[in-house]
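Per the working numbering, numbering of the sequence shown is gapless, rising by one per residue and ending at 218.
Simulated from the structure, these hints should not be mistaken for lab results.
Note that the coordinates shown come from a computational prediction; the quantities given were computed from them, not determined experimentally.
Positions of the beta carbon are idealized from the N, C-alpha and C atoms, including for glycine.
Among the hints, erroneous ones may be present.
Dumping the calculated SDA-like pairs for lysine to any residue here, alpha-carbon to alpha-carbon at most 20 Å [to be verified]:
1) K42 / Q28
2) K59 / E91
3) K59 / R36
4) K84 / S112
5) K84 / M126
Here are the computed distance ranges between Cβ atoms for each label pair [to be verified]:
6) T137 / E5: 41 to 47 Å
7) G65 / K214: 43 to 49 Å
8) R186 / S115: 24 to 30 Å
9) T74 / E43: 16 to 22 Å
10) E133 / I106: 14 to 20 Å
11) L135 / E5: 21 to 27 Å
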Amino acid sequence: MENREELIQKVTALVLDNWKRLSTQPYQVPVGISARHVHLSKEHVEVLFGAGYRLTPIKALSQPGQFACEEQVTVSGPAGTLPKVRILGPERKQSQVEMASGDCRILGIQPSVRSSGDLKGTPGVMLKGPKGEVLLTEGVIIADRHIHMTPEDAQWFGVSDQDRVSVSVDGPKGGVLGHVLIRVTRDSRLDFHVDTDDANAFQLKQGQWVTIRKEETR
Numbered sequence: 001m002e003n004r005e006e007l008i009q010k011v012t013a014l015v016l017d018n019w020k021r022l023s024t025q026p027y028q029v030p031v032g033i034s035a036r037h038v039h040l041s042k043e044h045v046e047v048l049f050g051a052g053y054r055l056t057p058i059k060a061l062s063q064p065g066q067f068a069c070e071e072q073v074t075v076s077g078p079a080g081t082l083p084k085v086r087i088l089g090p091e092r093k094q095s096q097v098e099m100a101s102g103d104c105r106i107l108g109i110q111p112s113v114r115s116s117g118d119l120k121g122t123p124g125v126m127l128k129g130p131k132g133e134v135l136l137t138e139g140v141i142i143a144d145r146h147i148h149m150t151p152e153d154a155q156w157f158g159v160s161d162q163d164r165v166s167v168s169v170d171g172p173k174g175g176v177l178g179h180v181l182i183r184v185t186r187d188s189r190l191d192f193h194v195d196t197d198d199a200n201a202f203q204l205k206q207g208q209w210v211t212i213r214k215e216e217t218r
């Protein structure tokens, strides 16, 4: 994982780049593409990897305090299996699996589009690690399109937490992504999160800039 100085330099460069762009194109946000991944509770980390096990960070993610882990698990559903699915940290209160629609077809499940943490009534899967297995009775979602913002970002864009907006994409397969959720927290970094299905459909690239359109409301 990057050392503290490298992380500070990277974050500083990102902040300066963001504000430079916003000063000339005030309604643009950068894209963050999320491939399938798993969030685990502390209890399930220990079941899958052994008592007292700690996740191993290998890469910082766009949102402060979040990181990709060295560890991977196998995810199995009624129809199929996906090996080597990356775990993201830190640990959470409840384990959660985020998949694209294509992944769900392989597994043979039909999850709904949900915000992170909204897991009641969602389908489950089997997780397999090197030391054990965990049967999740619920927890698989297709992540809702969303934009992370700080309160200052939200004021700049003229939106509020839980608002819905559209996002306009330029390029040869450009278009408009609708019903995008605004998520405002103090410790966020400006980022438009989509899964690989949306990214492939619009030929989006990591870090690409897109434009908020505020036609939608709550």
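So which of the earlier hints does this model not fit?
-> Checked against the structure, the hints that fail are numbers 1, 4, 7, 8 and 11, while the rest are satisfied.
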